[in-house]
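> What follows is the residue order along each chain.
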Amino acid sequence: MSAVTLSKIVKRFGDYTAVHQMSLEIAEGSFVTLLGPSGCGKTTTLRMIAGLLDPTEGDIAIKGKRVNDVPIHKRNLGLVFQNYALFPHKTVADNVAFGLNYRDVSKDEAKRKVAAALELVQLPDLGARYPKELSGGQQQRIALARAIVIEPDVLLLDEPLSALDANLREDMRVELKRIQQSIGVTTVFVTHDQTEALAMSDQIIVMSEGRVEQVGAPEDVYNTPATEFVAKFLGASNLLTAQCVDAAGGGIVLDLPGFPRIEIPKERAPRVSGPGPVRLVIRAEKLHLKAPQTPADGMLSVDAIVENVDYQGQSARYFVRAGDHRMQAVNMIEDHPFAAGARVALRFRAKDCAALPVESRP
Amino acid sequence: MGWRLIRIYTILVYLFMFLPIAVVVLLSFNANQFGSFPMTGLSTRWFETLWNNDAIMRAFRTSIVLGLMTAAISTVLGVLASLALVRYRIPGRNLITTLLIAPILVPEVVLAVALLLFLNFLNFGKSFTLLLAGHVIFTLPFVILVVQARLVSIKRDVEEAALSLGASPMQTFFAITLPLLMPAVAAGGLFAFTISFDDITGTLFWKPGGIETVPTQIFSMLRNSISPEINALGTVMIVLTVGLPLIGAAIARTLATRSGA
Numbered sequence: 222m223s224a225v226t227l228s229k230i231v232k233r234f235g236d237y238t239a240v241h242q243m244s245l246e247i248a249e250g251s252f253v254t255l256l257g258p259s260g261c262g263k264t265t266t267l268r269m270i271a272g273l274l275d276p277t278e279g280d281i282a283i284k285g286k287r288v289n290d291v292p293i294h295k296r297n298l299g300l301v302f303q304n305y306a307l308f309p310h311k312t313v314a315d316n317v318a319f320g321l322n323y324r325d326v327s328k329d330e331a332k333r334k335v336a337a338a339l340e341l342v343q344l345p346d347l348g349a350r351y352p353k354e355l356s357g358g359q360q361q362r363i364a365l366a367r368a369i370v371i372e373p374d375v376l377l378l379d380e381p382l383s384a385l386d387a388n389l390r391e392d393m394r395v396e397l398k399r400i401q402q403s404i405g406v407t408t409v410f411v412t413h414d415q416t417e418a419l420a421m422s423d424q425i426i427v428m429s430e431g432r433v434e435q436v437g438a439p440e441d442v443y444n445t446p447a448t449e450f451v452a453k454f455l456g457a458s459n460l461l462t463a464q465c466v467d468a469a470g471g472g473i474v475l476d477l478p479g480f481p482r483i484e485i486p487k488e489r490a491p492r493v494s495g496p497g498p499v500r501l502v503i504r505a506e507k508l509h510l511k512a513p514q515t516p517a518d519g520m521l522s523v524d525a526i527v528e529n530v531d532y533q534g535q536s537a538r539y540f541v542r543a544g545d546h547r548m549q550a551v552n553m554i555e556d557h558p559f560a561a562g563a564r565v566a567l568r569f570r571a572k573d574c575a576a577l578p579v580e581s582r583p
Numbered sequence: 002m003g004w005r006l007i008r009i010y011t012i013l014v015y016l017f018m019f020l021p022i023a024v025v026v027l028l029s030f031n032a033n034q035f036g037s038f039p040m041t042g043l044s045t046r047w048f049e050t051l052w053n054n055d056a057i058m059r060a061f062r063t064s065i066v067l068g069l070m071t072a073a074i075s076t077v078l079g080v081l082a083s084l085a086l087v088r089y090r091i092p093g094r095n096l097i098t099t100l101l102i103a104p105i106l107v108p109e110v111v112l113a114v115a116l117l118l119f120l121n122f123l124n125f126g127k128s129f130t131l132l133l134a135g136h137v138i139f140t141l142p143f144v145i146l147v148v149q150a151r152l153v154s155i156k157r158d159v160e161e162a163a164l165s166l167g168a169s170p171m172q173t174f175f176a177i178t179l180p181l182l183m184p185a186v187a188a189g190g191l192f193a194f195t196i197s198f199d200d201i202t203g204t205l206f207w208k209p210g211g212i213e214t215v216p217t218q219i220f221s222m223l224r225n226s227i228s229p230e231i232n233a234l235g236t237v238m239i240v241l242t243v244g245l246p247l248i249g250a251a252i253a254r255t256l257a258t259r260s261g262a
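Going down the list, the sequences are from chains A and B.
Its first residue numbered 222, the first sequence is counted upward by one per residue in the numbering used here.
Its first residue numbered 2, the second sequence is counted upward by one per residue in the numbering used here.
Calculated directly from the structure, the hints in this document are not laboratory data.
Accuracy of the hints is not assured; some may be wrong.
[Claimed, not checked] Okay, derived cross-link-like pairs now, SDA-like style, lysine to any residue, Cα gap no bigger than 20 Å in a straight line: (1) Lys-328(A) - Ala-314(A); (2) Lys-156(B) - Glu-380(A); (3) Lys-311(A) - Ile-252(B); (4) Lys-507(A) - Ile-554(A); (5) Lys-156(B) - Ser-356(A); (6) Lys-295(A) - Ile-252(B); (7) Lys-353(A) - Thr-130(B); (8) Lys-311(A) - Lys-127(B); (9) Lys-453(A) - Tyr-443(A); (10) Lys-295(A) - Gly-235(B); (11) Lys-311(A) - Glu-161(B).
[As the list claims (entries may be wrong)] Here are some chain B residues the structure puts well away from chain A; computed CB gaps all over 12 Å: (12) Ile-12; (13) Leu-27; (14) Thr-45; (15) Val-66; (16) Leu-81; (17) Leu-123; (18) Ser-128; (19) Val-153; (20) Ile-155; (21) Ser-169; (22) Pro-170; (23) Met-183; (24) Thr-242.
[Claimed, not checked] If you anchor each label on the Cβ, the simulated ranges turn out as follows: (25) Ile-201(B) - Asp-325(A): 39 to 45 Å; (26) Asp-476(A) - Arg-157(B): 46 to 52 Å; (27) Val-26(B) - Asp-386(A): 19 to 25 Å; (28) Ser-327(A) - Ile-201(B): 54 to 60 Å; (29) Asp-414(A) - Ile-105(B): 45 to 51 Å; (30) Asp-346(A) - Leu-20(B): 27 to 33 Å; (31) Lys-353(A) - Ile-201(B): 40 to 46 Å; (32) Thr-41(B) - Glu-354(A): 39 to 45 Å; (33) Arg-157(B) - Glu-249(A): 28 to 34 Å; (34) Leu-69(B) - Lys-353(A): 32 to 38 Å; (35) Val-114(B) - Arg-350(A): 54 to 60 Å; (36) Arg-157(B) - Ser-223(A): 40 to 46 Å; (37) Thr-238(A) - Arg-157(B): 22 to 28 Å; (38) Ser-259(A) - Leu-13(B): 56 to 62 Å.
Source: prediction; values computed, not measured.
Ideal placement from N, C-alpha and C gives every residue a C-beta, glycine not left out.
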């Protein structure tokens, strides 16, 4: 039985449709991420699962039970917000204990549970403090403790790391995943940050304009994007229009002027069925810049010119031109970065590429 | 040179504003029947006379009861109105806000006459209820302004968090929203009390015969003669209307620091 089931849910605000006919099964105990840019409907979906918004159409079920008409306070969910939303007038211990007041839990039992929850988020000594006396990271841990102490059926996280600064965010990411695994609670995580999504999720649901673009494990979504949107949103990708000349053999053979023949493994192009125009996806970090004349090492090679360099310390983003094609490459810097104007050889492997059918959608 | 002039000017302005009040307070402790300087001695006899003056004590009780009831009703209504206006999408929200705030903008005499005529038209006579209703109408905008400002600063997330943890909307209001709103509720209530306690224009129109509040009592006493009792009464009024808001502000500040808002 899945922990959360969405059946063809639609959310309209007046004339605007925020979520189009979305169906989804979230497995018990899994960590699922709704990933997409702002306005893609991910938060709206989360709020519908939480019961803070009513779906215009469709059904929502939690643990097999339809909850459309169950108000939020009877759904037994843990909710964590971007800005922590701790109760400023209550101590940390009272914040964490809040949900237990509305459950059949004795005073001693509540005390024990609060202590255990604070232990789990590694802040056992802060019970007597007030939220404003804590740092952002600490506040978010307390918010998490408050949400899990009630043993929710589903834990809903609405961009919980976005308000933290970069270093803290990475620590919290690891921490959050550890806590989720240790209690095994089904978790729905909303973020616009692909790194967070890739690092934490069992399953990623990529959304755009109220529609699901792709559902899959992080590696699948990253390596085999189902749509151009996914290819562009997760990491930097180069999308080139090529001709598929043969799809009958073991791979998809592509022809692109100025490029050698590219034969992509079939599993990297599941939606390409036959000859015709296709979109070739080459990830920026799979495109390696080498000095001309360097041995190809079995990689495909294209001559190019560096047009611009975006220096990033340990790596650099290169904007290159190969014939009529402009592309990006992200490479680790080994010695010195290539300078603008340098002639280089672009090297890549066919098995690192993916191919998509040409989309008629704008 | 210029600065010195400004300083002297400032002092003069303050003297102009506060000297009459200081004189009233000072004369209320005058032992002599006739208020003149130099004072012949200090005494609290006028406070005693005040205490023993039944009419004044009755007016005092009326004012206190009226003020407390006005404050209670205005605060409850003001909180409910603010919740509706801030937390819910209601059609014509801006219009309703303007209408609720309007009593501050309309001259009090106009408001007083309008309410009186309206109730006459409905065949309601003057009564304590009418007086109370008038005071509520007149103090409600202050409560709404204060409470609304505070409510806007309370994030909806906090209430949603409480709901998600199992508190019903009602429980959420009493456990989260109201405590966070308390400084504004207290301030609004104090405003309402002091304004009601102080009011004379509306009260003169609305009060039924035989009922006097402190300001109307002073007013009618002044028509006969200037008794030194009035100085004592003035002093009491000053202490109440200045002291209460100050105490209130102090309480609000303590509450606010403790709740971290």
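> Taking C-beta pairs only, is Val-153(B) more than 12 Å away from all of chain A?
Non-interface label on Val-153(B) holds, nearest chain A Cβ at 15 Å vs cutoff 12 Å.
> Take a look at whether the Cβ-Cβ distance between Ser-259(A) and Leu-13(B) falls inside 56 to 62 Å.
This hint holds: roughly 60 Å between Cβ atoms.
> Measuring Cβ to Cβ, find out whether Ile-12(B) lies farther than 12 Å from everything in chain A.
holds, 42 Å
> Taking the beta carbons of Ser-327(A) and Ile-201(B), is their distance inside 54 to 60 Å?
Since the Cβ atoms of Ser-327(A) and Ile-201(B) sit about 58 Å apart, the hinted range of 54 to 60 Å holds.
> Holds or violated: 28 to 34 Å for the Cβ distance of Arg-157(B) and Glu-249(A)?
holds, 31 Å
> Verify the CB-CB distance for Asp-414(A) and Ile-105(B) against the hinted window 45 to 51 Å.
holds, 48 Å
> Examine each Cβ of chain A, and state whether all of them lie more than 12 Å from the Cβ of Leu-27(B).
holds, 44 Å
> Holds or violated: Lys-453(A) and Tyr-443(A), Cα atoms, limit 20 Å.
Between Lys-453(A) and Tyr-443(A) the Cα gap is close to 10 Å, so the pair holds against 20 Å.
> For the pair supplied as a hint, Lys-156(B) and Glu-380(A), is the alpha-carbon distance within the 20 Å limit?
holds, 16 Å
> Checking one constraint from the list: CA of Lys-328(A) to CA of Ala-314(A), max 20 Å. Satisfied?
holds, 13 Å
> Are Lys-353(A) and Thr-130(B) close enough, with their CA atoms no more than 20 Å apart?
Not OK: Lys-353(A) and Thr-130(B) at ~46 Å, beyond 20 Å, violated.
> Taking 12 Å as the cut and beta carbons as the points, is Leu-81(B) off the interface with chain A?
holds, 21 Å
In this structure, the earlier hints numbered 6, 7, 8, 10, 20, 21, 22, 23, 25, 26, 27, 30, 32 and 36 are contradicted, and the remaining ones agree with it.
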